[in-house]
Amino acid sequence: MRSNYIKTLWSLCLLFCCITTSQAIGPKQTKEKTIKASYQVKANDLLELSNKYGNIMIENHQGNSIELEVKIKAWDGTAKKAQATLDRISIQREQHGRKVSLKTMIDHQDPNKVSLNSSKGFHINYVIKMPEDMSLELENKFGNVQIANVLGEVELEVKHGHLQAGILGKGDLEIKFGNADIERLNKSSSIEIKHGNLQVKKATKLEIKQAHGNLQLGEIEELEGMVEHGNISIEQVSKSIKWESEFGNFSLGKVKTTFRHVKIEVEHGNVRMNIDKAANFDFTATTTHGKINHNIPNLKIDKGHIEESAKGPVNGGGNAAVDIAVDFGNISLD
Amino acid sequence: MKEQKKLTAFEHTLLRQQQAEQEELEQDLTMDRLAQHWEGISNQLEEGIEVLQPTTEKVVPVRYLWRAIAAAAGLLLLTWGYHFYALQQRPSSDIVVVKTPELPLEIKQAEEASFATLREDIQQLQKRDTAQWIAPKTLEALEELEEAYQQMKNELLEDQNGKVLINAMLENLRLRHHILEKSVLQLERIQQHSEEQLNYKEL
Chain A
1 MRSNYIKTLW SLCLLFCCIT TSQAIGPKQT KEKTIKASYQ VKANDLLELS
51 NKYGNIMIEN HQGNSIELEV KIKAWDGTAK KAQATLDRIS IQREQHGRKV
101 SLKTMIDHQD PNKVSLNSSK GFHINYVIKM PEDMSLELEN KFGNVQIANV
151 LGEVELEVKH GHLQAGILGK GDLEIKFGNA DIERLNKSSS IEIKHGNLQV
201 KKATKLEIKQ AHGNLQLGEI EELEGMVEHG NISIEQVSKS IKWESEFGNF
251 SLGKVKTTFR HVKIEVEHGN VRMNIDKAAN FDFTATTTHG KINHNIPNLK
301 IDKGHIEESA KGPVNGGGNA AVDIAVDFGN ISLD
Chain B
1 MKEQKKLTAF EHTLLRQQQA EQEELEQDLT MDRLAQHWEG ISNQLEEGIE
51 VLQPTTEKVV PVRYLWRAIA AAAGLLLLTW GYHFYALQQR PSSDIVVVKT
101 PELPLEIKQA EEASFATLRE DIQQLQKRDT AQWIAPKTLE ALEELEEAYQ
151 QMKNELLEDQ NGKVLINAML ENLRLRHHIL EKSVLQLERI QQHSEEQLNY
201 KEL
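Chains as they are written, first to last, in this note's numbering: chain A, 1 to 334; chain B, 1 to 203.
These are computed hints drawn from the structure, not numbers from a lab.
Please note: incorrect hints may appear among the correct ones.
To be verified - BS3-like cross-link-like pairs, simulated, lysine-lysine; straight-line CA separation at most 25 Å:
| no. | chain 1 | residue 1 | chain 2 | residue 2 |
| --- | --- | --- | --- | --- |
| 1 | B | K163 | A | K73 |
| 2 | B | K153 | A | K176 |
| 3 | A | K194 | B | K163 |
Claimed, not checked - Some, not all, of what chain A presents toward chain B, calculated at C-beta under 8 Å:
| no. | residue |
| --- | --- |
| 4 | Y53 |
| 5 | I106 |
| 6 | H108 |
| 7 | Q109 |
| 8 | F122 |
| 9 | H160 |
| 10 | A211 |
| 11 | E228 |
| 12 | H268 |
| 13 | I306 |
| 14 | F328 |
Ideal Cβ positions, reconstructed from N, Cα and C, are used throughout, including at glycine.
The task is simple: from the sequences and hints, build the whole structure.
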């Protein structure tokens with residue numbers, strides 16, 4: 001199977017080289033157009049934005065307006081063809097009530113004339129300035145998204161591109177085939193990410209669903225999530241965490257004394273955790289095909305053939321609880 | 001000579017008389033036949049029987065023939081005119097010939113090569129993963145990637161932004177191979193671990 005994999009990668013690399021070479025050889029004529037517009041808005045108004053084949057950058061400013069600048073660039077073998085491509089692209093702009101809608105429209109070309117010539121193409125880049133106390137619904141494909149702060153409700157769908165965001169309000173985010181890096185999520189939020197890594201530095205209440213990528217979280221109050229095929233590293237949880245993961249290691253740097261519940265289920269991965277020494281809680285841990293290591297005084301480990309378990313009160317027990325269940329992995333408590 | 005001439009003159013007179021008598025007789029005969037024919041028709045009409053065309057060859061006047069040709073041509077023109085009008089009135093989408101768009105040969109070849117090895121690797125994984133440790137989830141992920149690939153293929157045909165889409169399609173294929181490769185490694189690790197535990201149990 002490995003030889004198949006290498007063989008296919010080689011053929012894909014060769015095809016990629018063909019494309020890039022054709023780009024280098026072919027002549028390239030470019031045509032550009034810039035669209036500028038301004039919309040008066042109030043606090044909590046919604047910006048709805050849909051784009052593909054380009055980047056979106058949203059910056060904050062102090063005024064009560066949305067300032068839009070879209071740069072569209074098309075290139076082809078001749079200036080006429082580049083212009084024809086440019087002419088098929090337009091931005092549909094509307095303002096109704098408390099909503100501003102911006103949508104990239106691309107007229108379809110004759111599907112019978114597909115060209116592999118890479119000297120032909122286009123991109124559509126948005127730069128938007130808006131006040132931070134607004135809501136945002138954004139959809140972007142084949143391009144990166146960079147957002148400063150949006151403190152209202154935020155709904156993002158980013159595919160085949162990376163997301164970088166500052167402070168967001170209540171968020172509902174979907175990222176596919178790209179990484180996401182978020183500074184802070186102020187309100188209850190959910191993130192679904194596939195085939196990419198996720199980093200969130202700070203969040204209050206967060207729900208995560210991730211597949212085929214690593215997760216790195218900072219300070220989180222309440223966390224619930226599931227990761228398949230990826231490693232998880234969390235700096236700190238202060239209230240609760242309910243976690244399930246498969247095929248990846250789980251590491252939680254610090255569980256604060258203020259926590260109520262920690263529930264971790266991991267298959268095919270190790271769990272490493274540090275709980276505040278002063279915390280009092282009831283502890284339960286079981287693993288099959290693995291070992292348990294801990295430094296909690298007076299807590300005995302029961303060892304079976306394929307299973308190990310430990311159960312008991314820590315610092316006299318209390319209202320908080322820690323439950324860890326692992327299949328094919330070790331449990332370590334620092 | 002005079003006698004011969006006299007005879008001849010006499011003969012001529014006789015001949016003229018005979019001809020006149022014959023013509024008179026023929027005229028009488030024709031009149032009789034015509035009278036008989038009309039009498040027959042009159043009888044048939046009286047009896048209410050449809051008059052049959054005489055079996056003898058009918059001579060159609062040339063002016064009637066032209067009228068018939070003109071009528072046929074008019075009818076033909078009307079039919080053609082109607083069809084032309086109907087064709088013009090039909091919505092244009094109805095008469096567009098839909099062709100199946102095709103991808104460039106380079107992509108087709110890369111697709112075929114990649115799909116062939118993917119099929120082979122999937123079969124191997126399914127064969128080896130008898131306990132269904134990892135194969136179902138891996139197949140689910142591969143199906144999702146296939147869906148994304150097909151969507152990009154459609155976008156490539158419609159939007160014609162070749163470089164971006166082809167790169168993304170190649171990345172999709174590379175991801176699929178990477179997932180399969182990783183799944184096999186994980187499966188090997190699980191199987192090895194299970195065997196070790198089993199041996200430990202037997203000891």
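Going back to the hint list, which numbers does this structure go against?
Going through the list in order, the structure violates no hint and respects every one.
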